[in-house]
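Student: Residue strings, one per chain:
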Amino acid sequence: MTDAGNMIWLPLFALFYVAVMLFWTRVAALENRNYETYFSAGHTLSPWISAIILAGASLSGWFLLGGSTEISVRGFTQPGILQGGILLALPGVLFFKRMWFIGQRLRLSSQTELFRSYFDSDFLVVVSTAVAVLFAVGFAGLQLRALSEIIAALSGGMISQLIAGLFLGAVLFAYVGIGGMRAVGYFGVIQTVLALTGVVGLAGFVLISTGGFTHLNDGLQALAEGPDGAGLFMVSGVIQFSAGLGRGAVSGHAETALTSFGLALAFMGFQASPLTAKIVMSTRNANGFAAGQTWVMAGVVGGIIVFGIAIIGAAGLVDANMSLGGMLAQLQTDSPWFMAWLFLGAIAGVQLLAGLGLLTAGESLVRHVYKPYFHSGLSRMATVNLTRIVIGLLTLLSVLMQSLAPVTLSALAALALPLSFQLWTPLLGITWLRWITRSAAATGVGFGIAGVLLTEPLGYQVLSFLGLELPWGRWPWTIHSAAWGMAANLTAVLIISAITNRNAFGEEAQEARRFVASTLRIGSRARALGAVAWSVVLAWLFLAVGPGLVFSNSAFGAIDASGGEWAVGMPSIWAWALLFWALGVGIVWFLSYKMEMASPHMLEIAAYEPRRKLKRDQSSIERERLRKLIVTGALAFVLIVLVAFSFGG
Amino acid sequence: MSAKPNTERDLLVFSIWAVLGFGGLAFLLEGFKRNSYLITLLGTAFIVAGFVAHIIVNGLYQQGFRSGETALGIGLFGVLTFTFIAGVFSGGMSMVDYYSGLTLFAVLVVGFIAYLSTRHGLRGAFSRFHVKTSVSGDGSR
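Line order of the protein sequences matches chains A and B. Numbering follows our numbering, with no gaps: position 46 of the first sequence is 46. So the mapping is simple: our numbering equals the position in the second sequence, first residue as 1, plus 1000.
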């Protein structure tokens, strides 16, 4: 087939994708009655739809684009990536059921509202909104940029990266702006199956191209025996006390067991993000969380990551031409129809995440920040329309940043997961740990954010711009920023909870606590198993993603700096990951069903009726608030410019 | 408004064809390109699996094919038949292409008849096509 003939398949499949998108957007818009159930699909998404889109959004394109590239470049030095399915399932088991019940009782539809109702904290509302914007613009934007680059490369420069980005952005805006959460849910199911098929298909092609699993592992074995090859198949100890990437030297490579642990914590941040909360609270009932987290997330997605992503990455490690980009280019020549179909899967996965992020960010900015603080008289229709405009602007911002400011985009994207992980403490306070006080939760998150910013490039680049040079680089002591942030976060939470009033909660928080305590009481059998369950979870975390990872270096073979030999026909560290993935599925099942943490629970939940309050005209206060915001923003800008001119670069 | 069963059923149908339909198409094209009957057979198997999954979903939601789906299916069948006949007359087909096409059509036709006869019974299946018209006046005799 000619080059021109090969080029036809990607646009053809893209056309199919757009046609399907338009169909489901129309269905969603009709069922929404334009704006009435735009934000949360009327809380009627089926449990199976939620389970599937949670899996699709969690997998997104990161594991395919980022995870496989990490393995292709750095080998199996960060085995935390391979446990992605289990790590993404565990927080879901912990939080989703209780979040859904509280949301139903208090009639809430997002994480931002949950924080406002329970903690009455404006700070947490703003942080949750900021995290949603980071996911929409940064995290998803970076993945869309990678896809745009691949499209530009596949078209031989005929389609520029900017045009590809604008096309992907237009599709995103079309279905999210018109159809809202319902379109994200409906189209998300199709996007998820396309994404999962894409990864499985690409892994299959890799196996065929490399001559099968045995040949692929022979290639890895040869690599391990070469100079500096062994280091690609081992973590370099538990910890290295270096000053961080870009500052201090390390022996061997910088990926230690604790780097993997920090990365694992960052993955767990996604399930605490406002994006997943949006799906959870738009769900009809809580009966699908156990099955979704156990079989879809831990089982299917986990399996696809530990086999599929690992295979794709390993092929790129053996032969750079077999990396994701190289493989797609080869398929473009040999089998353009397969390339188009599988690449569509990658696009679908990233678009699901981006669409969900845009909707959540748009809603948070308009409905949870602008409306309550600056324009409480906004009608529902105006709120929806304004949200659509904000979604359009965020999409445009993301597309422009993809082309014009990729470095800033990358720095922002790196913050999304670790910052989202800092929301674990307030969520734990709402769902399980009643002793976490309002001030402790807010201060803890504040400290957590500081911890993350000071150990990520954006933080120290901003400080450097202002004239303050930090003595450490990225991830000091080879510990990921998510872990540094959580260390600061937990310390603050423990100290402040100990010294503040643990009963000082508002009416809605007290009602939520009462409701959860009375309806979701764990049975005696599950209570008796509690100690066993947590011991098993801690042991799994220690061995699968924690310091125990050092045992994986030689558990199924022998490896040292001079080379290695596998005992099971594949790298020891990969075999270890497979073993702990299988054990992880068992643990998620045990926690979900036997410990009743996500098990189905039938209950008619009546809405909580708060005491009626007189409504006052807030317009003058809101105008004043807006004026103060503008003045503060302008002053901050002037101050930053002055400081930068005086001390910085 | 709750998500109607029809919406959920349609979602499943779209998902099935996004995976099995397009996968089948890709394997068929790959088989034609490589002149491999086995690969085209795999493509046919994907398409048959798509139909089977579609019928299972119909069964779960207790309904048959919708009229739009039937029209699309028959339309695609027509396009495929036309393409196949045009290919035969143009003389550019290899024996593998020829047998692959025949296999696909045979499987589709047999599957269609099997579906109708299991759903409506042999007599009922025939009645789907045999449109009875009432003739005025006959009844009085």
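Hints in this document: simulated from the structure, not taken from any laboratory. Ideal Cβ positions, reconstructed from N, Cα and C, are used throughout, including at glycine. Any given hint could turn out to be false.
[What the hints assert, rightly or not] These stretches of chain A come out as covered by chain B in the derived footprint (C-beta under 8 Å, 3 or more residues):
id: 1; segment: 193–204
id: 2; segment: 334–342
[Unchecked claim] So the derived label-pair ranges between C-beta atoms look like this:
id: 3; chain 1: B; residue 1: Gly-1092; chain 2: A; residue 2: Ala-19; range: 24 to 32 Å
id: 4; chain 1: A; residue 1: Asp-617; chain 2: B; residue 2: Arg-1066; range: 21 to 29 Å
id: 5; chain 1: A; residue 1: Ile-621; chain 2: B; residue 2: Ile-1056; range: 54 to 62 Å
id: 6; chain 1: A; residue 1: Pro-600; chain 2: B; residue 2: Arg-1119; range: 48 to 56 Å
id: 7; chain 1: A; residue 1: Thr-333; chain 2: B; residue 2: Thr-1070; range: 37 to 45 Å
id: 8; chain 1: B; residue 1: Gly-1064; chain 2: A; residue 2: Pro-600; range: 27 to 35 Å
id: 9; chain 1: A; residue 1: Gly-156; chain 2: B; residue 2: Arg-1066; range: 38 to 46 Å
id: 10; chain 1: A; residue 1: Val-238; chain 2: B; residue 2: Arg-1034; range: 49 to 57 Å
Student: Give a verdict on every hint.
Tutor: Against the structure, the hints come out as follows:
Counting residues of the segment 193–204 of chain A whose beta carbon lies closer than 8 Å to any beta carbon of chain B gives 4, which reaches the threshold of three, so the coverage claim holds. Judged by the Cβ-Cβ criterion of 8 Å, the segment 334–342 of chain A is covered by chain B as claimed, because 4 of its residues qualify and three suffice. Restraint check, Gly-1092/B to Ala-19/A: a C-beta distance of roughly 31 Å satisfies the suggested window 24 to 32 Å. The hint said 21 to 29 Å for the Cβ distance between Asp-617/A and Arg-1066/B, and at roughly 53 Å that hint is violated.
For the hinted restraint 54 to 62 Å between Ile-621/A and Ile-1056/B, the CB-CB distance of approximately 59 Å keeps it satisfied. Distance hint check for Pro-600/A and Arg-1119/B: the Cβ-Cβ separation is about 34 Å, which falls outside the suggested range of 48 to 56 Å. As the Cβ distance of Thr-333/A to Thr-1070/B is approximately 38 Å, the hint placing it in 37 to 45 Å holds. Between Gly-1064/B and Pro-600/A the CB atoms are about 31 Å apart, so this pair conforms to the stated range of 27 to 35 Å.
In this structure the hint that Gly-156/A and Arg-1066/B lie 38 to 46 Å apart at CB holds, the actual value being about 42 Å. In this structure the supplied range 49 to 57 Å holds for Val-238/A paired with Arg-1034/B, their Cβ-Cβ distance being about 51 Å.
Hints 4, 6 from the list above are not met by this structure, while the remaining hints are.
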